[in-house]
Structures are given as C-alpha cells and as structure tokens.
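Engineer: As a plain string of letters, each chain reads:
Protein chains: 2
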Amino acid sequence: MKSPAWLLLLCALLLAGFDAHAQIDPLPSWNDGPAKQAILEFVKVTTDQANPKFVPPEARIAAFDQDGTTWVEQPMYAQVVFALHQVGMVAEKDPRLKDVEPFRTVLSGDRAAIAKLTMPDLEKILAVTHTGMTVDAFKQIVQDWIARAKHPHFQRPYTELVYQPMLEVMKLLRANGYRTYFVTGGGQDFVRVYAEQVYGIPPEQVVGSASATQFGYDKSGKAVLTKVPKLLLMDDNVGKPEGIHLVIGRRPVAAFGNSIGDKQMLEYTQAGDGARLMMLVHHDDATREFAYGPTSRVGTFPDALMAQAKKQSWVVISMKNDWKRIFAFE
Amino acid sequence: MKSPAWLLLLCALLLAGFDAHAQIDPLPSWNDGPAKQAILEFVKVTTDQANPKFVPPEARIAAFDQDGTTWVEQPMYAQVVFALHQVGMVAEKDPRLKDVEPFRTVLSGDRAAIAKLTMPDLEKILAVTHTGMTVDAFKQIVQDWIARAKHPHFQRPYTELVYQPMLEVMKLLRANGYRTYFVTGGGQDFVRVYAEQVYGIPPEQVVGSASATQFGYDKSGKAVLTKVPKLLLMDDNVGKPEGIHLVIGRRPVAAFGNSIGDKQMLEYTQAGDGARLMMLVHHDDATREFAYGPTSRVGTFPDALMAQAKKQSWVVISMKNDWKRIFAFE
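The listed protein sequences correspond, in order, to chains A and B.
Residues in the first sequence are numbered from 1 upward in steps of one, following my numbering.
Residues in the second sequence are numbered from 1 upward in steps of one, following my numbering.
Same shape as in the complex, but just chain A (with noise of 0.2 Å):
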C-alpha cells in the first residue's frame, strides 16, 4: 500500500509551516538591487500557482555559461591551460613532437609566442590533448590536472574561483524546481568531470563543445568510447541554442552570460512564451576580479552588447556593485 494521501498532506503541511518561517536571505552575496530583485521576483512569480507567469515545474530549465559567468576565465581558459600543459604530458610519450609546431612554441614557455597562437594551431592542440583515448582516460586526466592546477594571478586550484553569487542563484533556482544546465563554449568532456562536486551540476545537465567518439573494445574485449578529432558541435554563439535544442529539447526560461558568445543563447530563451530571465555578468571589477570588455581577448562584452541588453531588457550584473562577496575564501 502507498502512504495515503492524508499522511503525505500532513507532512507536506508540517514541512510547509516550517518553511514558512524561512526569512533567511537565498542570495546573501548579492548587494539590494535591481539585479537580485530580478532574480528573487522571476523565482517568485514562475513558482507560483496562482500567478500568470506561473511555469510548470518540468519547463523550468535554466541555463549558464561557464567561463567568465559561473568562474574566472582570465587571463586565459582554463581549459586553454590544461590543454597547453597537457602538451608537455604527450610530448613526454611522444619526444617527435618537440620539433614540430605548435607544439614546439608551446613547449618553449614563450608566453609572448604562445598568445600569438591562432586557431589552427590551437586545434592541432585539442587533438592531440584531447582526442585519442578512452573517455575514462580523459576524464581520470583532467580530474588529476584539475586536483593541482593553480590559477596564475590567485594562486588558488580553479575550482575555488567560483563565483559564490552564482552559486548561491543556482541553488536558489534548484530549491524551487529548476534544473540548471551548463551550456558552455567549453568542452563538454572537460566540464563534465568537476560540474557536479564544485557547481552541483551533473554530467547530463552539461552542454559543450564536444568532439565525437568511437565505440570499439579495448584488448580485453571490453566496449570502450574512444575520443576522436571529429567536432560535433562547437558550443559558442549560434551553438548555444542549437546545443540546448540537442542536449535538453526544451527551451530555457532563464540565461546567463558574460560575452557576445552568450547572446544568441539569451534571444533564444527571451523568444519563449512566458516568464523569461535574462542576465549577463560584466567584468567591472578590477580590484577584486577582473575588468574588461569591448576588446578583450576572452570574454568580449562588445558596446553592441550592452545596448542590446537594455533595449531587450536584459539584466547587467555588475560584479562591483551587485555583488558583496565573489569568491567563497574571500
């Protein structure tokens, strides 16, 4: 027999009366603003039955981008400087490629010749650092880089420079039913590996850039996934939407970004019916963070940009003003 309905309502009335008293602020890093109340209003309104912009618990999918919204992205990816660490690794096993480029400038510490790295040459590096073995591989890689890895200007491992306010939103959004989802430029594999311990996020609810796999067997017969140098689906500007529409099949009610890379993953979910939340983070902070914008190398937060946002009523988070607290060690 299941539990009758009154016993379920009575403890849904109990549990109901004590979070009744609940007062405690969900988003203690966040300065008042207009930037919170958005935050804290959108929750309200989409979770409640009696309001019209009321959304059903299973439409409730909100969507992030990684670097530069939920974590630092500079001066350089993070990704970008496992794969150029990752470079010395394979040249260890393979000692050819100290001679060719652009491994050979990468190997070389030549921080000026290593900014000057194009494209070309940094897909020749995601192949050979990220394609060729075993998913599991990849992923006992990155969680052994990750474990050590110091972020150069904080000197602390990338997973402690996460941005508290944003996961402080994301557990605000999952208590009231939503499920959030990284939609992310970077790779999906790579972010897979620490979403959930650090963000709470799981590997199924992250969407990235992901390069295609091989089912085969290993020596022993056993089916393994091979990762190959065949791009999938490259997760940035018109990738976001199109990535959200592959991996999830909904369209999001709320988005954050940082970058003109997020803009057609904010018009996507600002064309919905409905409730609708748009943000993006701005770097304005140089005390604290980072400040950059119109021409910066990552992150780029063209004038463009901005102007959309406020004729679309998007809302711009100020790192320096919205935010009280940035990092949880602060």
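Because the hints were derived from the structure by calculation, they are not lab data.
In this text the structure is predicted, and so the values were computed from the model without any measurement.
One or more hints might be untrue.
[As the list claims (entries may be wrong)] Here are the simulated DSSO-like cross-link-like pairs (lysine-lysine), alpha carbons at most 27 Å apart as the crow flies:
{"id": "1", "chain 1": "A", "residue 1": "K222", "chain 2": "B", "residue 2": "K311"}
{"id": "2", "chain 1": "B", "residue 1": "K139", "chain 2": "A", "residue 2": "K53"}
{"id": "3", "chain 1": "A", "residue 1": "K93", "chain 2": "A", "residue 2": "K53"}
{"id": "4", "chain 1": "A", "residue 1": "K53", "chain 2": "B", "residue 2": "K98"}
{"id": "5", "chain 1": "B", "residue 1": "K53", "chain 2": "A", "residue 2": "K124"}
{"id": "6", "chain 1": "A", "residue 1": "K222", "chain 2": "B", "residue 2": "K53"}
{"id": "7", "chain 1": "B", "residue 1": "K222", "chain 2": "A", "residue 2": "K219"}
{"id": "8", "chain 1": "A", "residue 1": "K230", "chain 2": "B", "residue 2": "K230"}
{"id": "9", "chain 1": "A", "residue 1": "K230", "chain 2": "A", "residue 2": "K116"}
{"id": "10", "chain 1": "A", "residue 1": "K222", "chain 2": "B", "residue 2": "K139"}
{"id": "11", "chain 1": "B", "residue 1": "K53", "chain 2": "A", "residue 2": "K139"}
{"id": "12", "chain 1": "A", "residue 1": "K310", "chain 2": "B", "residue 2": "K219"}
{"id": "13", "chain 1": "B", "residue 1": "K124", "chain 2": "A", "residue 2": "K230"}
{"id": "14", "chain 1": "B", "residue 1": "K222", "chain 2": "A", "residue 2": "K310"}
{"id": "15", "chain 1": "B", "residue 1": "K310", "chain 2": "A", "residue 2": "K219"}
{"id": "16", "chain 1": "A", "residue 1": "K93", "chain 2": "A", "residue 2": "K139"}
{"id": "17", "chain 1": "B", "residue 1": "K222", "chain 2": "A", "residue 2": "K311"}
{"id": "18", "chain 1": "A", "residue 1": "K311", "chain 2": "B", "residue 2": "K219"}
{"id": "19", "chain 1": "B", "residue 1": "K150", "chain 2": "B", "residue 2": "K98"}
[Unchecked claim] Rough simulated footprint, nothing fancy, chain A against chain B, three-plus residues with beta-carbon under 8 Å:
{"id": "20", "region": "189-203"}
{"id": "21", "region": "223-229"}
{"id": "22", "region": "254-268"}
{"id": "23", "region": "294-304"}
{"id": "24", "region": "310-320"}
We treat Cβ as the ideally placed atom computed from N, Cα and C, and that holds for glycine.
For this one, chain A is given, so just place chain B on it according to the hints.
Structural biologist: Leaving out everything else, chain B in the frame of chain A:
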C-alpha cells in the same frame, strides 16, 4: 528556517512505514519467470544500501530502445509511416514533387514499389519531411499526425501500441530513483513529441537520431531554430553508446533493446562496474503481436545475437511466455 532534520526523518519514517506494507506486484503484466525475477532482483539489490551491488541515485540511468522494445515496430516503423504520409502533405504545397522520384513512387501508393525504396530514397524523403521547418513547427506537424494516424493491423493509434509490461518496468525503475532514457534509432525530435505523455520520458531524456538545427530569426525578428538536412547523430548500432555519451555523459546501468541495433548499447552498459541489467525483447508471439527474428527487415534478431545474449548473461524476454498482457487495451 528550513525544516529541521528530525522532522524530515519523522516524515520519512512515517511514509516508509506505510510503504513497507506495499505488497502489490509492481509488474502485474509479467508472468513469473526468469525475466521478471531478473528485473525485481536488479531493482532490489541496486537500491539496498547494505548490498554490495548498491548503485548511488545519481548513477541510476536506464536506457530503453523504442521501436520493438517499448512499442510495435511491424510492419513498418511509425516514423517511416509518418514520413510517407508527410510526402503527400508536402506535395500539396509543392506539386513539382509529384514528378520526381522517390516521391512519385510514395505518392502512387504502390506498396510493393514503396517497400523497395532504398536507403538513399529514404534519406530524400526524410529531408523533405523532417527539415526546412522550425523545431516548433515540426513538433506541431508530428502532434497532428500522431493524433490521427492508425496502425494498419491493429487499427488503433500508435500511442496505444505500447507494451504495458515495459511501461511497468519504466515506472518501477523511476519509483526507485532511476531516470529512464530513450536511446532510439528513431528521430530525437519525433520521439520527443509524445514520449512524455505516452511513456513519462521528458524531452531531455530522449537520445535519438538527430539532424542539425540552424539558429536564425523569423520575419518578426524572433530567434528560431530551423531543422536542416545535416545528420549529427545516427543513433543506432555504435551510434547508441556514442549518443549516450554525448547526451547523458554517464554509462547506463540497465539497457533494454530488441534487435541487432541494440547490441553495442548492451555491451557498453555491461562494460561498467557493479550491478548491470541487459535485456532483449524477443518477438515470438504471432498471435498477440508479431513473430519475427533472424531475417526480419525491421527488428532483426540474428542467431548470433541470441548466442551472445546467452554467453553474456543478457536476459531474453519472450513476449509469448513472459508477458501476461502486451497492450493496455487487451
């Protein structure tokens, strides 16, 4: 203040006390036998924390093929029937199609000729019936068709031709913390239209063959995704584990199929550590459904697959012997 731990515990105990009385058979459409026992035993050991085969909730992923595993696939996949029907709809708007092969053959209604269409023919048919429209428009087209279409033999909507025993397995798994996924050779966007209503499987848990979409704007400037004839994922055979990795990013612990196209999915599922359940539906009931096997055009089940099932301890479900009832309407 959130509900205190003691109150949550009290409620959990109260509810557990009632559920402990549950003696109702969760699989009433199954005859007693090794197949039913394998399912019940799997659920029991993987959800018992004291059992060495316990599977933590986040890893409880079960993958189901659709055609022939959870609904009727003979004499023709529902989606192929849909595609042939749509050729007529498209030809009404674009009469030039009537003079071009393979559309002329489809429109002739000549069953023998239609049965001889080749794979390149089918690709042309899929291109005009499955691409060129927005994803929202395609959803509407499928909804309209599936609400009216009837199976030629059963004279019932396809959505009634689902296997009641498999619905019971899905429900049992979900009640025990499993997330049920479709991993189907069928079109992802096609299956997503009805999977939630018919099977309780939401869009984000449908892995299927997928064509690309293209981001753009409609005449009013609204962001839209248009389906384009570029195959991203052929989710059959080796494509099943590859699709699982792309969309789910975790290895399933249970997998259900019915044909040679499911072989690699079952192998990939089995290659993980700990408890595993691999099952194959065998169509051996010519009276109540269809009996087919080694040389069938759809749902091919070669002798080698049967031999592999025996060798690797995959459980073969005999529709004739294991299923007390096949359809809910019986």
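Engineer: Run every hint past the structure and note whether it holds.
Structural biologist: Each hint, compared with the structure:
1. For the hint linking A:K222 to B:K311, the alpha-carbon distance of about 14 Å falls within 27 Å, and the restraint holds.
2. Of the supplied pair hints, the one linking B:K139 and A:K53 holds, its CA atoms being roughly 23 Å apart against a limit of 27 Å.
3. Restraint check: the Cα-Cα separation between A:K93 and A:K53 comes to about 58 Å, which exceeds 27 Å; the hinted pair is violated.
4. A hinted pair counts as satisfied when its Cα atoms are at most 27 Å apart, and A:K53 with B:K98 does not qualify at roughly 47 Å.
5. Between B:K53 and A:K124 the alpha-carbon distance is near 43 Å, which puts this suggested pair outside the 27 Å criterion.
6. Simply put, A:K222 and B:K53 have alpha-carbon atoms about 20 Å apart, close enough for the 27 Å limit, and the pair holds.
7. Pair hint B:K222 plus A:K219 does not hold up; C-alpha atoms about 52 Å apart against a cutoff of 27 Å.
8. This hinted pair checks out: A:K230 and B:K230 have alpha carbons roughly 15 Å apart, not beyond 27 Å.
9. For the hint pairing A:K230 with A:K116, the CA-to-CA distance comes to about 24 Å; that is within 27 Å, so the pair holds.
10. Taking the CA atoms of A:K222 and B:K139, the gap is about 39 Å. The hint is violated against a cut of 27 Å.
11. Among the hinted pairs, B:K53 with A:K139 is consistent with the structure: their alpha-carbon atoms are about 23 Å apart, no more than 27 Å.
12. Distance restraint check for A:K310 and B:K219: the Cα-Cα separation of roughly 22 Å lies within the 27 Å cut-off, and the hinted pair is therefore satisfied.
13. Among the hinted pairs, B:K124 with A:K230 is consistent with the structure: their alpha-carbon atoms are about 25 Å apart, no more than 27 Å.
14. Pair hint B:K222 plus A:K310 holds up; C-alpha atoms about 17 Å apart against a cutoff of 27 Å.
15. Distance restraint check for B:K310 and A:K219: the Cα-Cα separation of roughly 22 Å lies within the 27 Å cut-off, and the hinted pair is therefore satisfied.
16. Between A:K93 and A:K139 the alpha-carbon distance is near 19 Å, which keeps this suggested pair within the 27 Å criterion.
17. Taken as a hint, the B:K222 and A:K311 pair is honoured in the structure, with Cα atoms around 14 Å apart against an allowance of 27 Å.
18. Taking the CA atoms of A:K311 and B:K219, the gap is near 19 Å; set against the 27 Å cutoff, the hint holds.
19. Using a Cα cut-off of 27 Å, the hinted pair B:K150 and B:K98 holds, with the two alpha carbons roughly 25 Å apart.
20. For the region 189-203 of chain B, the stated coverage by chain A holds: 5 residues have a C-beta nearer than 8 Å to a C-beta of that chain, and at least 3 were required.
21. Counting residues of the region 223-229 of chain B whose CB lies closer than 8 Å to any CB of chain A gives 3, which reaches the minimum of 3, so the coverage claim holds.
22. Coverage of the region 254-268 of chain B by chain A holds. Counting CB-CB distances below 8 Å, 3 residues qualify, and the rule asks for three or more.
23. Coverage of a stretch by a chain is defined here by at least three residues with a beta carbon nearer than 8 Å to that chain's beta carbons; for the region 294-304 of chain B and chain A the count is 0, and the condition is violated.
24. Remark: the region 310-320 of chain B is not confirmed as covered by chain A, as 0 of its residues place a Cβ nearer than 8 Å to a Cβ of that chain, below the required three.
The structure fails to meet hints 3, 4, 5, 7, 10, 23 and 24 from the earlier list, while all remaining hints are met.
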